[in-house]
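**Q** Each chain, letter by letter, is given below.
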Amino acid sequence: MALGATLKRLTRFDRYLVLSLALLVSASFLLLWGRQSGSRIVVDADNRTVFTAPLDDARHFEIEGPLGTTRMEIADGAVRVLSSPCPQKICIGLGDARRAGDLLACVPNRIVVRIEGEKEGEAYDLLSR
Amino acid sequence: MFNRSLVPILLLLMVAFFVWQRQPAEDSLLSRTALVMGTLVEIKAYGDDRELLEQGLDAAFAEMVRLEQLFSTHIPKSEVSRLSAADAPLIVSEETATLLGLGLKIAQRSDGAFDMGLGKLMPLWGVESDQPQVPEEQSIALALKGIGPDSLQISEQQVRKQTPGLQIDLGGIAKGYAVDRAVEKLRQAGIFSAAVNAGGDIRLLGDRQGQSWRIGIQHPRKAGEIIATLALQNRAVVTSGDYERYFEQEGLRYHHLFDPQTGRPARGCQSVTVVAADAASADALATAAFVLGPQKGLALLERMPDVEGFLIAADGSKLATGGLKDILEWH
Chain A
469 MALGATLKRL TRFDRYLVLS LALLVSASFL LLWGRQSGSR IVVDADNRTV
519 FTAPLDDARH FEIEGPLGTT RMEIADGAVR VLSSPCPQKI CIGLGDARRA
569 GDLLACVPNR IVVRIEGEKE GEAYDLLSR
Chain B
7 MFNRSLVPIL LLLMVAFFVW QRQPAEDSLL SRTALVMGTL VEIKAYGDDR
57 ELLEQGLDAA FAEMVRLEQL FSTHIPKSEV SRLSAADAPL IVSEETATLL
107 GLGLKIAQRS DGAFDMGLGK LMPLWGVESD QPQVPEEQSI ALALKGIGPD
157 SLQISEQQVR KQTPGLQIDL GGIAKGYAVD RAVEKLRQAG IFSAAVNAGG
207 DIRLLGDRQG QSWRIGIQHP RKAGEIIATL ALQNRAVVTS GDYERYFEQE
257 GLRYHHLFDP QTGRPARGCQ SVTVVAADAA SADALATAAF VLGPQKGLAL
307 LERMPDVEGF LIAADGSKLA TGGLKDILEW H
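If you read the protein sequences in the order shown, they are chains A and B. FYI, in this note's numbering the residues of the first sequence are 469 to 597. FYI, in this note's numbering the residues of the second sequence are 7 to 337.
Calculated from the structure, these hints are not laboratory results. For every residue, glycine included, the Cβ atom is placed at its ideal position computed from N, Cα and C. Treat each hint with caution, since some may be false.
Part of the chain B face toward chain A, derived, beta carbon under 10 Å [claimed, not checked]:
#, residue
1, V13
2, A40
3, T45
4, Q137
5, T245
6, R273
Covered stretches of chain B, as calculated for chain A (at least 3 residues, CB under 8 Å) [as the list claims (entries may be wrong)]:
#, region
7, 198-211
8, 221-233
Let the hints inform the model, and build the full structure from the sequences given.
**A** Below you can see the structure in the form of structure tokens.
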């Protein structure tokens, strides 16, 4: 067997080198796959980023805007607005944002939430609402 | 012997090189959001030259901010506010006159279903305030005085209101026009692939890296879900619906899309989506078709040249123009 003969001829250094490179390649693939599922939420208040967190990090958080405090929740891989001082509460009615590229906004309180991460298998590029 | 032992090492190095060099396909995408004209505006642009994309997006957002100053009813010195306050003919900018002219044309083609003279209705109902209310019939009748497709006379840049107290509201067309202008700024900057989305008023510049843009249309009764997708290039898409800006009283939903004939929210549709060459026309036609209701609204979209669309009726039934069949996918 050519491969067996080749392996026999490898020095100990060669084997360590091959093993190191194999580990490096495996780590590279893991890194790429890991990036695809590692979505984050980014929250801007008045056009300035004020909060970021992984989308799988379940928690409640509060963002201050000109009208007061907007309360949000990350849960089940999605972010949603729980309460807002704005008059219409449109932001609460927008529901969940969970896909990379999804946006939520409370226009009166000047807060924008977006999901950043790799996109895969999505049904659309832009949403008309 | 050393050469042979090098073969697997070289192979592994090549694989490692391939993996580390692999770049995500959307590295050439620049996407930005901003709150302009009372809505969330998102602009996406593709290209190799990052600096050019940055400049294009800067110019596009700046253009929308400029137009907000021209058309907002909340800015006392805007041309729209000055026109509402005027009791004599007023000279306006060329682009305001052009936009008013387009609005009047759609008002006429829709038999008055689209109307730019409803400026008194929105504050009367307070749909966007924290104290919305169902007004008295008498107040509604007063708010409708002087409206209609003939309410404005435009002669070059001079605009005359037939009824001096008429209040102008370009809410059903100005956002679409601003989207059109933003796309023009992107084009002037040398960008060939981009999309501007101002709260659902979308205009597409070119394609999306050789493919059609996929536009998801919001389900009017299921938040976070889409009811359809459209595959489009170089077109505008606008959706008008009763599901975002509304209040409920005694089990009835009162939204912001008013029927000029009654001064009350139109009841025939849940949402209307219009596909047209420009977003200003699509914006006004979506409002007009919504007001007309499913059958007349569909007929309006069918008879407008270079326009397609679909309507979700109040009972949830779906109606679409014939030209959409190859690009519309229901979900």
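**Q** Please name the hints from earlier in the document that this structure breaks, with their numbers sorted from lowest to highest.
**A** 6
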